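Trainee: Taking the hints into account, I'd like the entire structure generated from these sequences.
For reference, the chains in residue letters:
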Amino acid sequence: MSRPRPGRDDSPDRLYTLTGGRSRAGSDAFDLVTLVVAESDPVPGMQSEHASILRMCRFPTAVVEVAAGLGLPVSITRILLADLHDTGRISARHPRASYRLPDHDILEQVLVGLRNL
Amino acid sequence: MDSVTSEQRQTLHSTADNGLKIVVVGGFGVGKTTLVRSVSEIRPLNTEETMTQAGEGVDDTGGVAAKTATTVAFDFGRISLDAHNVLYLFGAPGQERFWFLWDRLFSGTLGAVVLVDTRRLADSWYAIDRLEHHGTPFVVACNDFGGPVHTAGQIREALDLADEVPLVFCDARSRESSKQVLITLVEHLQSVVAQDPTPQPIPEPAP
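So the sequence lines, in the order shown, correspond to chains A and B.
All you need for our numbering is the position in the first sequence, starting with 1, plus 31.
All you need for our numbering is the position in the second sequence, starting with 1, plus 2.
Errors might be hidden in some of the hints.
[To be verified] No more than 25 Å apart at the CA atoms, straight line, and that leaves these computed lysine to any residue pairs for SDA-like:
#1 B:181 to A:148
#2 B:181 to B:123
#3 B:181 to A:69
#4 B:181 to B:85
#5 B:181 to A:146
#6 B:181 to A:139
#7 B:181 to A:145
#8 B:181 to A:134
#9 B:181 to A:81
#10 B:181 to A:142
#11 B:181 to B:152
#12 B:181 to A:71
#13 B:181 to A:136
#14 B:181 to B:99
#15 B:181 to B:15
#16 B:181 to B:53
#17 B:181 to B:194
#18 B:181 to A:140
#19 B:181 to A:135
#20 B:181 to B:161
#21 B:181 to B:72
[Stated by the list, open to error] Taking CB as the label site, the calculated pair distances span:
#22 B:127 to A:82: 25 to 33 Å
#23 B:45 to A:135: 27 to 35 Å
#24 B:31 to A:79: 30 to 38 Å
#25 B:166 to A:139: 53 to 61 Å
#26 B:162 to A:71: 48 to 56 Å
#27 A:86 to B:98: 38 to 46 Å
#28 A:146 to B:148: 27 to 35 Å
#29 B:148 to A:60: 20 to 28 Å
#30 A:76 to B:189: 27 to 35 Å
#31 B:75 to A:90: 24 to 32 Å
Please keep in mind that the hints were generated in silico from the structure rather than gathered at the bench.
Every value quoted in this text rests on a predicted model; they were computed, and no experiment measured them.
No residue lacks a Cβ here, since even glycine has one placed at the ideal position from N, Cα and C.
Mentor: Okay, here's the thing in structure tokens:
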């Protein structure tokens, strides 16, 4: 964990450069646990963060894991993910839970999974 | 190849498609990361969430100093439950100034574990208050620090805990004990759902 962490102490300018000056994603579609899957390989000339995301997400990877992997704040990561999503380079598997209380089936599955640990 | 991708990462099953959240909230040094580590299949990772005060619209040009982002670091771990469901555990600092992080973490979370050190119960008051305000179901887990023994009744009273909120004792260093805390939470969720089977829309984040 001694890796330098860009984002916190870096010049904010760098983060704005990464996102082309945007401070918010176009949508809040990416939950922290939305699972991201790459739909293509990195191509030459691609922004390095975009290429890193595509390499990281060959298997499903949560938004928060992508952020940790990039060493970037979640908010910046969301913007980068939105770029890739808009161009069809990634797909997103959003959490199913859309209600305040989870449904019984999901809870039962969680319980079974935990007991099997 | 950067340090991230060259690191041995344990990948999820390709069929994984449903991320779930449980938040572990508690004061500094209470053992949140220890608990997450005990049950996580990956070494706990750390990331940051930021909130810029000026982020809602056009940035004020009043000066860079005026729009410093508030940044909070938090840990998380992961448990693959089955071929589809992946549970993420988030360790979140309990202090009042991190309210905005909680609002994000609590959104869509199954429930929360309030991890407490019985020598510093007051550290948990604010977190419990916010969870109640959000209507997020939670359990209270007392991490064993070998301090003076308090009875469950004493702790309930000190935390002003509602009768229906489960209170358990645990050792966050123990995988089995930490797992039991999570099971207690999910069983509690089942009873909450059983009492209120009608799904309700997520309320707007509270101020």
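Trainee: Honestly, which of those hints from before does the structure not fit?
Mentor: 3, 9, 12, 14, 16, 21, 22, 25, 29 and 30
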